[in-house]
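K.L.:
Chain by chain, the residues run as shown.
Protein chains: 2
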Amino acid sequence: MLAEIITIGDEILIGQIVDTNSAWMAQKLNAEGIRVKQISSVSDDREHILNALAEAANRADIIFITGGLGPTKDDITKQTLAEYFNVKLVLNTEALNNVQQIFKRYNRPLLEVNRKQAEVPENCEIILNSNGTAPGMWFNVDGKLYVSMPGVPFEMMYMMEDAVIPKLKQLLNLPVIIHKTILTAGEGESFLAEKIADIENDLPGNIKLAYLPKMGQVRLRLSAYSNGGASLSDQLEEFAARIVERVGPNVVALEDIPLEKVVLNYMTDNHLTLSAAESCTGGYLSHLITQHAGSSQVFLGSAVTYSNDLKENILGVKNETLYQFGAVSRETVTEMVAGALREFKSDYAVAITGIAGPGGGTAEKPVGTVWIAVANTNKTVVKKFTFGNKRPQNIERSAMAAFFMLITLLKET
Amino acid sequence: MLAEIITIGDEILIGQIVDTNSAWMAQKLNAEGIRVKQISSVSDDREHILNALAEAANRADIIFITGGLGPTKDDITKQTLAEYFNVKLVLNTEALNNVQQIFKRYNRPLLEVNRKQAEVPENCEIILNSNGTAPGMWFNVDGKLYVSMPGVPFEMMYMMEDAVIPKLKQLLNLPVIIHKTILTAGEGESFLAEKIADIENDLPGNIKLAYLPKMGQVRLRLSAYSNGGASLSDQLEEFAARIVERVGPNVVALEDIPLEKVVLNYMTDNHLTLSAAESCTGGYLSHLITQHAGSSQVFLGSAVTYSNDLKENILGVKNETLYQFGAVSRETVTEMVAGALREFKSDYAVAITGIAGPGGGTAEKPVGTVWIAVANTNKTVVKKFTFGNKRPQNIERSAMAAFFMLITLLKET
Numbered sequence: 162m163l164a165e166i167i168t169i170g171d172e173i174l175i176g177q178i179v180d181t182n183s184a185w186m187a188q189k190l191n192a193e194g195i196r197v198k199q200i201s202s203v204s205d206d207r208e209h210i211l212n213a214l215a216e217a218a219n220r221a222d223i224i225f226i227t228g229g230l231g232p233t234k235d236d237i238t239k240q241t242l243a244e245y246f247n248v249k250l251v252l253n254t255e256a257l258n259n260v261q262q263i264f265k266r267y268n269r270p271l272l273e274v275n276r277k278q279a280e281v282p283e284n285c286e287i288i289l290n291s292n293g294t295a296p297g298m299w300f301n302v303d304g305k306l307y308v309s310m311p312g313v314p315f316e317m318m319y320m321m322e323d324a325v326i327p328k329l330k331q332l333l334n335l336p337v338i339i340h341k342t343i344l345t346a347g348e349g350e351s352f353l354a355e356k357i358a359d360i361e362n363d364l365p366g367n368i369k370l371a372y373l374p375k376m377g378q379v380r381l382r383l384s385a386y387s388n389g390g391a392s393l394s395d396q397l398e399e400f401a402a403r404i405v406e407r408v409g410p411n412v413v414a415l416e417d418i419p420l421e422k423v424v425l426n427y428m429t430d431n432h433l434t435l436s437a438a439e440s441c442t443g444g445y446l447s448h449l450i451t452q453h454a455g456s457s458q459v460f461l462g463s464a465v466t467y468s469n470d471l472k473e474n475i476l477g478v479k480n481e482t483l484y485q486f487g488a489v490s491r492e493t494v495t496e497m498v499a500g501a502l503r504e505f506k507s508d509y510a511v512a513i514t515g516i517a518g519p520g521g522g523t524a525e526k527p528v529g530t531v532w533i534a535v536a537n538t539n540k541t542v543v544k545k546f547t548f549g550n551k552r553p554q555n556i557e558r559s560a561m562a563a564f565f566m567l568i569t570l571l572k573e574t
Numbered sequence: 162m163l164a165e166i167i168t169i170g171d172e173i174l175i176g177q178i179v180d181t182n183s184a185w186m187a188q189k190l191n192a193e194g195i196r197v198k199q200i201s202s203v204s205d206d207r208e209h210i211l212n213a214l215a216e217a218a219n220r221a222d223i224i225f226i227t228g229g230l231g232p233t234k235d236d237i238t239k240q241t242l243a244e245y246f247n248v249k250l251v252l253n254t255e256a257l258n259n260v261q262q263i264f265k266r267y268n269r270p271l272l273e274v275n276r277k278q279a280e281v282p283e284n285c286e287i288i289l290n291s292n293g294t295a296p297g298m299w300f301n302v303d304g305k306l307y308v309s310m311p312g313v314p315f316e317m318m319y320m321m322e323d324a325v326i327p328k329l330k331q332l333l334n335l336p337v338i339i340h341k342t343i344l345t346a347g348e349g350e351s352f353l354a355e356k357i358a359d360i361e362n363d364l365p366g367n368i369k370l371a372y373l374p375k376m377g378q379v380r381l382r383l384s385a386y387s388n389g390g391a392s393l394s395d396q397l398e399e400f401a402a403r404i405v406e407r408v409g410p411n412v413v414a415l416e417d418i419p420l421e422k423v424v425l426n427y428m429t430d431n432h433l434t435l436s437a438a439e440s441c442t443g444g445y446l447s448h449l450i451t452q453h454a455g456s457s458q459v460f461l462g463s464a465v466t467y468s469n470d471l472k473e474n475i476l477g478v479k480n481e482t483l484y485q486f487g488a489v490s491r492e493t494v495t496e497m498v499a500g501a502l503r504e505f506k507s508d509y510a511v512a513i514t515g516i517a518g519p520g521g522g523t524a525e526k527p528v529g530t531v532w533i534a535v536a537n538t539n540k541t542v543v544k545k546f547t548f549g550n551k552r553p554q555n556i557e558r559s560a561m562a563a564f565f566m567l568i569t570l571l572k573e574t
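Listed in order, the protein sequences are those of chains A and B. Note that my numbering gives residue 517 to position 356 of the first sequence, counting from 1, and the numbers run on in steps of one. Note that my numbering gives residue 380 to position 219 of the second sequence, counting from 1, and the numbers run on in steps of one.
Derived from the structure by calculation, the hints contain no laboratory data. Hints may contain errors.
The list treats identical chains as interchangeable, and a pair is accepted whether it falls inside one copy or across any two copies.
Straight-line alpha carbon distances no greater than 25 Å define the calculated DSS-like cross-link-like pairs of lysine-lysine that follow [said to hold, decoys possible]: (1) 479 to 506; (2) 572 to 540; (3) 341 to 234; (4) 356 to 249; (5) 356 to 369; (6) 189 to 375; (7) 375 to 277; (8) 189 to 551; (9) 551 to 265.
Full structure from sequences and hints, please.
P.N.:
Shown next, in the form of structure tokens:
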């Protein structure tokens with residue numbers, strides 16, 4: 162079963178927003194055995210949308226469309242779908258009722274533009290939008306399914322989970338695609354490829370291997386497509402096991418999870434607590450951890466000490482250390498990590514101090530110089546890194562390197 | 162001048178990564194007057210890539226291709242481009258030299274797969290990759306330009322900035338597209354639309370208005386396409402001024418910047434300092450601020466106090482307050498913001514405490530309950546919010562609401 166995703170909106174084509182909807186949808190669809198053939202982003206332009214719909218219907222069985230359903234003039238997806246199917250727009254009472262209830266709940270007058278949101282092409286079934294005024298639309302025309310949803314991420318997500326996916330499962334006899342990801346760290350893509358070249362050569366036609374490098378990590382993703390033969394899962398696991406054995410100590414996890422989740426899972430299972438002291442990462446490491454549900458079991462807190470005063474006051478870094486060696490030094494990061502352990506009373510702590518850039522670099526300590534320390538009550542490990550000169554990458558890399566060091570220390574003990 | 166972007170990689174189509182490259186490229190291209198007509202994500206599949214190239218060349222003048230240039234088997238962009246142009250792959254000595262130098266720098270043996278990265282279609286000019294082993298490729302065939310770059314974001318970004326954009330500017334007589342964004346807050350899309358309906362009706366054919374809603378904000382984007390007439394910029398500014406006057410107090414900024422940048426810019430200009438005390442946002446608010454270069458002029462630091470102990474120890478929240486009213490309460494957030502002001506000695510402070518979810522909610526304080534306080538030495542403003550039940554949205558909304566409250570307080574004083 163092949164699908165395509167069409168995202169509609171000038172804001173994507175001028176780069177004002179990043180299209181995160183498509184990746185989310187593709188993940189959900191793949192999990193149900195629906196393969197996404199292509200993702201196309203097109204402008205809020207009648208002719209362009211009509212062409213994109215026709216092209217997608219040529220290649221795929223299900224066409225998902227997001228965006229362009231707002232109440233304003235620039236949103237023309239609904240009218241264009243009506244034109245594509247050669248039908249009229251009609252007022253849908255169920256959708257109107259939903260709009261009215263939303264406006265009532267917020268005690269707002271219902272405007273004419275909002276009433277119009279309840280008009281839909283006459284050949285569609287509507288999908289109720291429990292989070293907004295634009296209804297989703299479901300079309301079944303000439304053996305192809307078309308599903309149109311709002312571009313606002315959480316409105317689309319609720320619709321997919323509550324209505325669209327269940328409906329697809331009910332309607333279609335879905336094939337099977339399964340994925341297995343091996344998360345590796347500390348070794349480059351080429352070296353991994355060389356190491357497992359013979360295993361890759363042994364892969365049958367229905368199993369694909371992809372290398373997904375990302376900031377000091379490489380995810381090895383095996384994808385198996387059902388060929389109606391023996392158990393797909395067994396076949397996949399066999400090759401995964403061979404790769405894991407070969408790659409050895411660089412394997413960090415056997416699932417596609419973020420690096421901080423490897424830390425969290427391990428520490429949760431072992432009832433360990435963590436605290437942090439962040440300078441150049443400015444809260445990013447803490448955010449990566451605390452975005453995950455249940456992180457409060459492990460994470461006690463963090464001192465984001467941008468100023469030297471806060472390094473002294475909260476973490477107890479000595480004034481003479483800062484004066485003699487500077488804020489970005491082995492000595493300072495060592496006192497920061499010790500301060501976090503002592504003040505926050507956690508089992509483990511991580512500290513980061515560096516020059517994220519673009520300013521603040523010197524000949525001796527150029528932009529990208531970062532000191533990281535991880536510690537438990539028995540052991541402290543300190544490393545210096547020299548990253549590049551782009552601020553966002555330096556922040557990201559510092560956090561990733563800190564998680565690696567923490568995983569290594571956790572594994573040791 | 163029309164461009165298309167083709168991103169190649171199964172990892173995008175199964176949703177394992179979000180394509181952030183396209184938005185970044187689209188922004189850069191638009192700034193140079195190159196309009197992106199379509200963005201297509203296709204799989205690492207020979208036939209699919211060939212079709213995508215042909216379709217894009219039909220619609221656009223310049224085709225940007227990212228991804229599929231790695232050293233591993235699943236990357237087939239280069240071979241497919243050679244097939245598309247019906248040429249051979251040849252070893253490029255400049256590219257080989259680059260690969261050799263990179264391996265020398267990291268003291269790593271050069272593998273055969275890496276040497277192969279220096280092979281390129283014979284009809285291309287290479288674009289040196291100063292951050293990786295895969296060269297970019299520039300083709301000029303039958304009046305169309307094709308630019309192929311790695312999918313690793315920072316490799317692509319350096320290439321675009323250092324080589325591709327300068328080359329395009331030199332080669333092409335570029336037209337003009339200008340954008341103007343009005344950032345508004347605190348009012349919904351429909352109400353704004355109703356408010357400025359007559360202004361929108363007055364817009365000439367070469368100026369488009371788009372509404373871009375995003376977590377409590379709506380960006381109004383005017384885009385003007387040169388029609389060879391009077392000054393495009395004057396025309397755009399005239400309509401922008403009318404909208405700004407009409408929308409009034411809900412206008413937060415006259416440029417397309419994130420909300421925290423509005424705060425940073427104002428505080429930098431007025432030499433004010435900020436600190437934070439974050440519970441449920443777990444460092445996210447600090448990260449939003451510190452991702453920006455120069456934020457250290459304003460931001461002193463933050464206490465990410467996930468545990469109650471840290472709320473007491475770092476911020477001086479009273480034990481009896483936590484016991485009597487709970488961590489998520491008007492009383493606690495008030496003491497948190499006072500603690501941040503006092504302990505971190507900043508001019509302004511912001512504090513957030515809430516239940517991000519999915520766990521931790523009660524009948525009285527359901528998931529999504531968030532207390533936010535902003536303060537300077539003279540005034541403290543405290544508000545309670547009731548957001549939804551999704552953790553990431555609750556974190557994002559809390560941070561955005563806090564920035565709004567801060568902007569309002571800053572404007573007052």
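K.L.:
Run the structure past the numbered hints and jot down the numbers of the failing ones, going up.
P.N.:
When the structure is compared with the hints, only number 4 turns out to be violated.
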